[in-house]
Amino acid sequence: MIETRNLSKTFGPLVAVDDVSFVVKRGEVLGFLGPNGAGKSTTMKMLAGFLPPSGGSAHICGIDVGHDPIAAKSRIGYLPEGAPLYGDMTPAQLLDFVTQVRGLGRIERRRRTEAAVETVQLHEVLHRPIDTLSKGFTRRVALAQAIVHDPDVLILDEPTDGLDPNQKHEVRALLRALSGNKAIIVSTHILEEVDAVCTRAIIIARGRILADETPSDLRAQHGRASLDDIFRAITLGKSA
Amino acid sequence: MGQIWVIMRRELMAYFSTPLAYVFIVIFLALLAATTFYMGAFFDRNQADLRPFFSFHPWLYLFLIPAITMRMWAEERKTGTIEFLMTLPISTNAVVIGKFLAAWLFAGLALLLTFPMWITVEYLGDPDIGVIIASYIGSWLVAGGFLAIGGCVSALTRNQVIAYIVTATVCLLILTSGLPVVLGAFQGWVPPLAVDMIASLSVLTHFESITRGLVDIRDLIFFISLIVLALVVNAAIVDLRKSA
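The listed protein sequences derive, respectively, from chains A and B.
Here the first sequence is numbered in our numbering, starting from 1 and rising by one per residue.
Here the second sequence is numbered in our numbering, starting from 241 and rising by one per residue.
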């Protein structure tokens, strides 16, 4: 459902993403791990159709994102890094805007918006301008707009960043619940998230994939209990 | 088409969510009145027409319209919302057109609110309505041209102040390209054909011919072409600058 084939991106002399290939099937939650600047966000931006690749291709549900971006984007729910949203709108207005752009009819819009608001618990801030909301609520609004149209594919860039531990727990529970019939890719620094949510993990550093296993396989291969240590070993060892 | 409408509505909502829209309209109306009655010697002329009124429109647009367009794309790129917007299943063209139409409609609203001038002149005398209507259309087209250019410039930078200054400069150049002062700079060393082409780019020339009451198809084509060309360039710039 999500597939990258030899995906690359260079910005002038800087190689941000270098020959990245992976597949995420329906029902899988892929954790995208790596140090800052590893190329996680850049890869996700290419998958979401925001950046054109310098080489290779990205595919969503079999659709090449470069050749048919609108069809691909209609299948995706995307949460960009930092959750940028229109601050002057209220969550209700924003969800209305997104569902209208996505072409849902009025009744469908109301139903799906209510469902998303319920799932992410936005009731108390639904009619306050987004730029007055806390970071946690803003991120929840961003998550709501990513799931409101019930997409087959979710691309979430640091979805729990800035949330308090309870909120993190809720978002992770939500992701587990959603993963049943979707393909989800989540980028994170938080290694415990990998255990909590992901069925597979990719470790990326300096634009290259260094590992692509299930969390338990990673542990088995490296003989260490802590993902922290495994992460350090892989990213500092191989990329040095 | 529906998506263009959604974008347009969202943009208009954004204009009115800050004092920007209200301040703009008040300043536009106040300055127009001041220039018409004082600099335009409206009463001294003793004629019931709106020629002096309309003659100031392009000059006021020069420094007010960049204030509308400067945030059009630059703000989205600065805050990162462009990534949110452009990953929705909507084409770049639809977004460019939606934003432009919102700005153009807003300019149209500001123009409509100058109706007291029209009523004044109707009360004082017997003006030619055709000329007035043509002039309003011409003014709206000039606004459209400047807005379209402003959109392009805004897409080139994240800094709204730079967008403002560059837009005002470009608009000034095409506004005055027919004036002897500007043409004189080219006459010595540029072939006469090119000098004529530069003169024909002048917004002022086309606008003045419209305000005389002749809505020549060439003038309409000029403005429509300018707007369409600027929108096409705008879309290209937005697509190319995403990586920046």
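These are computed hints drawn from the structure, not numbers from a lab.
Keep in mind that this is a model prediction, so the values were computed, not measured.
Watch out, some of these pointers could steer you wrong.
Every beta carbon over 10 Å from chain B, so not counted as near; a handful from chain A, in silico [said to hold, decoys possible]: (1) D88; (2) Q93; (3) V98; (4) I190; (5) D195; (6) L210.
Derived contacts from chain A toward chain B, CB cut-off under 8 Å, selection only [stated by the list, open to error]: (7) A48; (8) L51; (9) V101.
Note that the Cβ used here is the ideal one computed from N, Cα and C, for glycine as well.
Outcome of the hint check:
1. D88: violated, 4 Å
2. Q93: violated, 8 Å
3. V98: violated, 7 Å
4. I190: At roughly 22 Å from the nearest Cβ of chain B, A:I190 sits farther out than 10 Å, so the non-interface label holds.
5. D195: About 29 Å separates A:D195 from the closest Cβ of chain B, which puts it past 10 Å; holds.
6. L210: A:L210 clear of chain B: closest Cβ-Cβ about 25 Å, beyond 10 Å.
7. A48: Because about 5 Å separates A:A48 from the closest Cβ in chain B, which is inside the 8 Å limit, the hint holds.
8. L51: A:L51 check passes; min Cβ-Cβ to chain B is 6 Å, inside 8 Å.
9. V101: For A:V101, the interface hint holds, since the closest Cβ of chain B sits about 5 Å away, which is under 8 Å.
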